[in-house]
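Use the sequences and the hints to build the structure in full.
The listed protein sequences correspond, in order, to chains Y and L. To get my numbering, take the position in the first sequence, counting from 1, and add 33. To get my numbering, take the position in the second sequence, counting from 1, and add 39.
The hints are simulated quantities; they were obtained by calculation from the structure and are not laboratory data. In this text the structure is predicted, and so the values were computed from the model without any measurement. Just so you know, even glycine gets a beta-carbon here, dropped at the ideal spot from N, CA and C. Please note that the accuracy of each hint is not assured.
[Claimed, not checked] Here's a subset of chain Y near chain L, in silico, CB distances under 8 Å, partners left out: (1) Gly75; (2) Val122; (3) Lys133.
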Amino acid sequence: GAGVSQSPSNKVTEKGKDVELRCDPISGHTALYWYRQSLGQGLEFLIYFQGNSAPDKSGLPSDRFSAERTGGSVSTLTIQRTQQEDSAVYLCASSTGRTKNIQYFGAGTRLSVL
Amino acid sequence: AQKITQTQPGMFVQEKEAVTLDCTYDTSDQSYGLFWYKQPSSGEMIFLIYQGSYDEQNATEGRYSLNFQKARKSANLVISASQLGDSAMYFCAMREAWAQGGSEKLVFGKGMKLTVNP
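Pasting the structure below:
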């Protein structure tokens, strides 16, 4: 079956612009996660969704970052007024939320802020 | 404090040989899960193997096995019969217990690069 799909695969933007990153999880997966991978910081957790609610937003680095999930499926991560330090690969993962609860990842969105 | 430690920044192995990738972790929880992921140059994180803290047997998945030593807090990945396609970054990760309804986020190590030579 289809895996986790992320779009766009690459995004180049200018400092100060807003960007939206999309994640389409594996069908039937109730849990969805956003992570960020950068050279200096490694892999960092951003936010976790169970259904449409986000019980853990502790990893969002500032109030410029927000995310939503609709219909228990697609999620959008929005970064407002982008800064150069936002440049990174943004990875989305989904899981069943049960038993081993293994997270399966998408290919990521590479964001470059000029 | 670093929760997941991968001390080997890079390793080289000959094709068809076995290789062990080290991972130590730090937690005060009794219930937790340990994971290994592979990230080839294409960038996608590929799940390899899972070990639960209460699992008595070491996990195995094909050519991958996890050498779980709970008292030492280590969860080393063993790849048998290395293949050229195993060249990639490898990440160890942990999921700690959380209150019901809370997060099941993963905490990752810094990763290590494995190169398989022909």
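Evaluation of the provided hints:
About 5 Å separates the beta-carbon of Gly75(Y) from the nearest beta-carbon of chain L, less than 8 Å, and the hint is met. A cut of 8 Å between beta carbons decides the hint on Val122(Y): the least distance to chain L is about 6 Å, and the hint holds. A distance limit of 8 Å between C-beta atoms decides the matter here; for Lys133(Y) the minimum to chain L is near 5 Å, and the interface restraint holds.
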